[in-house]
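Engineer: Spelled out, the chains give:
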Amino acid sequence: MNLINHDTVVKRMKPRLSKNSISKWIFFALTMFVLLILGILLYRIFSQGFGYLDLQFLQSLPSRKPENAGVYAALIGTIWLMAVVAPVSLLLGVGTAIYLEEYAKENALTNFIKVNISNLAGVPSIVFGLLGLTVFVRALAFGTSVLAAGLTMSLLVLPVIIVAAQEAIRAVPNQLREASFGLGATKWQTIVRIVLPAAIPGILTGGILALSRAIGETAPLVVLGMPLFLAFLPKTFLDSITVLPLQIYNWTGRPQVEFHALAAAGIIVLLFMLIVMNSIAVLIRNKFQKRY
Amino acid sequence: METSTAAANIVNTEEKQIVYKTSDLDLWYGDNQALKKINLDIMENEVTAIIGPSGCGKSTYIKTLNRMIELVPGVRTSGEILYRGKNILDKSYQVEELRTKVGMVFQKPNPFPKSIYENVAYGPKIHGIRDKKILDQIVEKSLRGAAIWDEVKDRLTQNAYGLSGGQQQRLCIARCLAIEPDVILMDEPTSALDPISTLKVEELVQELKKDFSIIIVTHNMQQAARISKKTAFFLNGEVIEFSETNKIFSTPADKRTEDYITGRFG
Numbered sequence: 000m001n002l003i004n005h006d007t008v009v010k011r012m013k014p015r016l017s018k019n020s021i022s023k024w025i026f027f028a029l030t031m032f033v034l035l036i037l038g039i040l041l042y043r044i045f046s047q048g049f050g051y052l053d054l055q056f057l058q059s060l061p062s063r064k065p066e067n068a069g070v071y072a073a074l075i076g077t078i079w080l081m082a083v084v085a086p087v088s089l090l091l092g093v094g095t096a097i098y099l100e101e102y103a104k105e106n107a108l109t110n111f112i113k114v115n116i117s118n119l120a121g122v123p124s125i126v127f128g129l130l131g132l133t134v135f136v137r138a139l140a141f142g143t144s145v146l147a148a149g150l151t152m153s154l155l156v157l158p159v160i161i162v163a164a165q166e167a168i169r170a171v172p173n174q175l176r177e178a179s180f181g182l183g184a185t186k187w188q189t190i191v192r193i194v195l196p197a198a199i200p201g202i203l204t205g206g207i208l209a210l211s212r213a214i215g216e217t218a219p220l221v222v223l224g225m226p227l228f229l230a231f232l233p234k235t236f237l238d239s240i241t242v243l244p245l246q247i248y249n250w251t252g253r254p255q256v257e258f259h260a261l262a263a264a265g266i267i268v269l270l271f272m273l274i275v276m277n278s279i280a281v282l283i284r285n286k287f288q289k290r291y
Numbered sequence: 000m001e002t003s004t005a006a007a008n009i010v011n012t013e014e015k016q017i018v019y020k021t022s023d024l025d026l027w028y029g030d031n032q033a034l035k036k037i038n039l040d041i042m043e044n045e046v047t048a049i050i051g052p053s054g055c056g057k058s059t060y061i062k063t064l065n066r067m068i069e070l071v072p073g074v075r076t077s078g079e080i081l082y083r084g085k086n087i088l089d090k091s092y093q094v095e096e097l098r099t100k101v102g103m104v105f106q107k108p109n110p111f112p113k114s115i116y117e118n119v120a121y122g123p124k125i126h127g128i129r130d131k132k133i134l135d136q137i138v139e140k141s142l143r144g145a146a147i148w149d150e151v152k153d154r155l156t157q158n159a160y161g162l163s164g165g166q167q168q169r170l171c172i173a174r175c176l177a178i179e180p181d182v183i184l185m186d187e188p189t190s191a192l193d194p195i196s197t198l199k200v201e202e203l204v205q206e207l208k209k210d211f212s213i214i215i216v217t218h219n220m221q222q223a224a225r226i227s228k229k230t231a232f233f234l235n236g237e238v239i240e241f242s243e244t245n246k247i248f249s250t251p252a253d254k255r256t257e258d259y260i261t262g263r264f265g
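Line by line, the protein sequences are chains H and P. Heads up: the first sequence at position 151 corresponds to 150 in numbering that gives the first Met the number 0, and the numbers run straight through without jumps. Heads up: the second sequence at position 42 corresponds to 41 in numbering that gives the first Met the number 0, and the numbers run straight through without jumps.
Next up, chain P with everything else stripped away, as it sits in the complex (with noise of 0.2 angstroms):
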């Protein structure tokens, strides 16, 4: 009895924690049911894939991972989702303090307009980093990370919007990274760029997601194909299927799946 707590107490360690456990997630904008009874539970150190046709209430639920969602007037939810199990929808969880866990990669590049050095400066500053050697080497990591140092290395003091879109994503990403969060929301950061800066932010999320649990909303059914481990199919708000990413594009469960992955519809 206690060898076989004490064998399973190991293969718990050894095996990849849950960072998102959603449950009977339902919300509202007014009276539109947007999400309706989502259960989904992601795994750290992964890259998972929400795909699904236009209004499936994907962007909705990414938002909602890291409570964006509130900016929109008239939302309400029900249900809980536990990060790192605390309950996010709690109304006492600190908002401030989630997102500095939980970063998020918009659909449309939107540095601020200031300096590169000062775009990725900024969360650290408002989390009251002042140091400037501290900084420094935030910034450096950060835009190594973000694979976007040797182009912009230079011009640290220019303006950001001196860049191309996809340098432009990176340096969001990057801006992202240097709140060393836990997680990185991606909101269809690919969807605004050419195929090669896209390729290039895809390449780097192949390497973000070694530190980083990453869950990335995509239109794009290949891209999702090639960057992630598993992939939840959106329609009309609910889950209609999850699981590992080669199974949902070559076997899937649900004909609905089928069809929108063979592009008979969406």
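Just chain H, with the same shape it has in the complex (with noise of 0.2 angstroms):
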């Protein structure tokens, strides 16, 4: 005796057919809508800002006067703001990373602690910019310096690093450890010597993309006191900086609409950098990923 009736079968394949490309249409347009929403975005802003992306623009500092304004100050001061997140960020994260995945003991307060550091990477960035606001500006006095803006920064995307390395770290095999151990390596050694050069792609990857966050944040920053508007560039690490997003939001809070074409010519310089730095990320990721 059969106990599936094929003739049944038949009769409901029908409409099992047609769920099925109704589905796949539903997640295409839902797809197009985002690329829609995304595109109007893009257009926007290309449309209003190419104009006055020249030479003139990149080279020039702030100025009262559009014609003459730039994003030169905010540019250096990017980069000036990256020279302290990135060795900053990259050491401490990469450091608590090898801690908890190769020292830290299977406990209940390593646990915790790990569960924490992914909580951290979902709090708001204006609750670290509070929090650089009293550290770093008032404690420590550092003041609305690069340094102070570059610790908070650091402080932000500190999880998401953490977090990146962890998981590049995990996924080195038991057994290349197991295999240096066994010819008398020390743990450092293991660590330095082989867990660290299969890691690095995956750590590299995840940085360079915590990196371009810190790059395109700004709330941390304005609750910083970091100023708006800045018509020299840093010397030391203890001068002001402004940076591209802090920016982008001045010029669009001016009311002449000329101001309006110059912020979106910084966004696009911004999405320029990104884009840069993302396809770096990907280059590595792509380049050095290992099947082990």
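These are computed hints drawn from the structure, not numbers from a lab. Do not take every clue at face value.
Only pairs whose alpha carbons sit at most 25 angstroms apart, straight line, appear in this in silico DSS-like list of lysine-lysine [unchecked claim]:
#1 Lys90(P) / Lys186(H)
#2 Lys107(P) / Lys186(H)
#3 Lys228(P) / Lys36(P)
#4 Lys100(P) / Lys132(P)
#5 Lys246(P) / Lys286(H)
#6 Lys186(H) / Lys35(P)
#7 Lys199(P) / Lys20(P)
Computed footprint of chain H on chain P, listed as stretches where at least three residues anywhere in the stretch have a Cβ under 8 angstroms from a Cβ of chain H [stated by the list, open to error]:
#8 51 to 60
#9 104 to 118
#10 121 to 129
#11 174 to 184
#12 197 to 205
Cβ coordinates follow ideal geometry from the N, Cα and C atoms, glycine included.
Could you fit the two chains together into a complex? Lean on the hints.
Structural biologist: Okay, structure coming up:
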């Protein structure tokens, strides 16, 4: 006796197949909707700002007159900011990840720390701004300097870097560690010679993505009280800077329409930087992708 | 009286020394006892095979011999294992030092994601040998020792992952030889290999036993019979029988050994 009646199966085939194709179209439509919004946004920005985008715009300090204003100070400021954020957040982040994955014993405390690092990644950036204001600007008296801004931004992206580095380190197969220990290597030698070289692509990818987030952040810097308008360049790490998102924020707040166009041009510069950084991250990932 | 001691001394120098003397070794994973009162004397320059069904503790035992077992969280041991007369389970025994004398070959070939040359040179390098000439010599000697030199001598700078599984395992043996160990532990070294590669590794073991003491865990009873001088049969964490291989396979003393080697279980 057959438990399955094949006639009914064939009869029910049609609604199953139509559901299948309907769901495909729904997901396609959703994707198109998102792309459409992105397209409108990009069109608005490029149509407004492209005309202002020239060498003069890249090489000029901000000015009260829109025809003289440029993003030079913000561009240089962003580079200075990265000069603080990149080393601080990578060293702290990778160090923490190495400790958590290679040294820390599995216990309640370690698990608590691991869970809370992921939680920190979800804390709104403005909260990190308040933290930076209290600790770096006021308590440590760094003022509204590159250093204070950079350290605040480092804290902001630290959880992302730690989690990325942890995942990269965890992806290194244990049998490689065993092989190294089996030859008499110490833990440190194993980490430096085996684990890190294998994990570096993942760590760099995560690190660059985190840095590109730091480049685009505005809120914490506004809270720190970083200047929105700055007509000189920093000379030391204790000088003030302004960065691209702040400059854009400043221009959008002006009443003159020309400044809005300048803001659009600034956004194009910022987008370009982000695309370059993300492409580097993708390149690293593809080049070093390893199969074990 | 005196002459007899002298005679005994002469006999002793001609006899093989004990490499590993295990006395009353107990081992627990948490609450679960994996090894029970193990007593084994392993002699130098011969092949000792450890056989037994899955979960009998044979891998646990061999990993205790270079203290690799410590990587498993929650492991406790009692009793002692004397390696050349010193208790390696003593916390004061430097585990890195032990592992420079006791090399290990693992179940799955596990070369580093580096060049063939760098794989072999890794051990000497971490022990501080920097001289390129000496490293070159070590690499060639080790690769020849593992019978893989002719296959790889023209592509030493290529990544080890380009080798076949059997070649990778012989590379791992070469990597192990490069630290010039005293003992080589092999944890089911052929279980992931095809029959021809298995045969090559077995032939290699026959060569290596001239210079090294080899302890090999194997699932494969024919393999134990082919290559080993002595065999230990483990069951449920105990050593059921330990004697000359040909005796174990022809006239086992214990009923359980007989049942296992005749294929009634396991």
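Engineer: Now, for every hint given, state plainly whether the structure supports it.
Structural biologist: Verification of the supplied hints:
At most 25 angstroms may separate the alpha-carbon atoms for a hinted pair to count; Lys90(P) and Lys186(H) meet this at roughly 17 angstroms. A distance of roughly 22 angstroms separates the Cα atoms of Lys107(P) and Lys186(H); the hinted pair therefore holds under the 25 angstroms criterion. Only pairs whose Cα atoms come within 25 angstroms are accepted, and Lys228(P) paired with Lys36(P) is accepted, the gap being roughly 23 angstroms. Distance check on the hinted pair: Lys100(P) and Lys132(P) sit about 23 angstroms apart at the alpha-carbon level, within 25 angstroms; holds.
Taking the CA atoms of Lys246(P) and Lys286(H), the gap is about 57 angstroms. The hint is violated against a cut of 25 angstroms. Simply put, Lys186(H) and Lys35(P) have alpha-carbon atoms about 30 angstroms apart, too far for the 25 angstroms limit, and the pair is violated. Restraint check for Lys199(P) and Lys20(P): the C-alpha separation of about 30 angstroms exceeds 25 angstroms, so the hint is violated. Under the rule that three or more residues need a Cβ within less than 8 angstroms of chain H, the assignment of the region 51 to 60 of chain P is violated, with 0 such residues.
Under a criterion of three residues with beta carbons nearer than 8 angstroms to beta carbons of chain H, the stated coverage of the region 104 to 118 of chain P is upheld, 6 such residues being counted. Figure legend: the region 121 to 129 of chain P, annotated as covered by chain H; annotation consistent (4 residues with Cβ-Cβ distances under 8 angstroms, at least 3 required). For the region 174 to 184 of chain P, the assignment as covered by chain H holds, since 3 residues bring a beta-carbon within under 8 angstroms of that chain's beta-carbons and 3 suffice. A count of 0 residues in the region 197 to 205 of chain P with a Cβ less than 8 angstroms from any Cβ of chain H is obtained; the coverage claim is therefore unmet, three being the minimum.
Of the numbered hints stated above, those contradicted by the structure are hints 5, 6, 7, 8 and 12, listed in ascending order.
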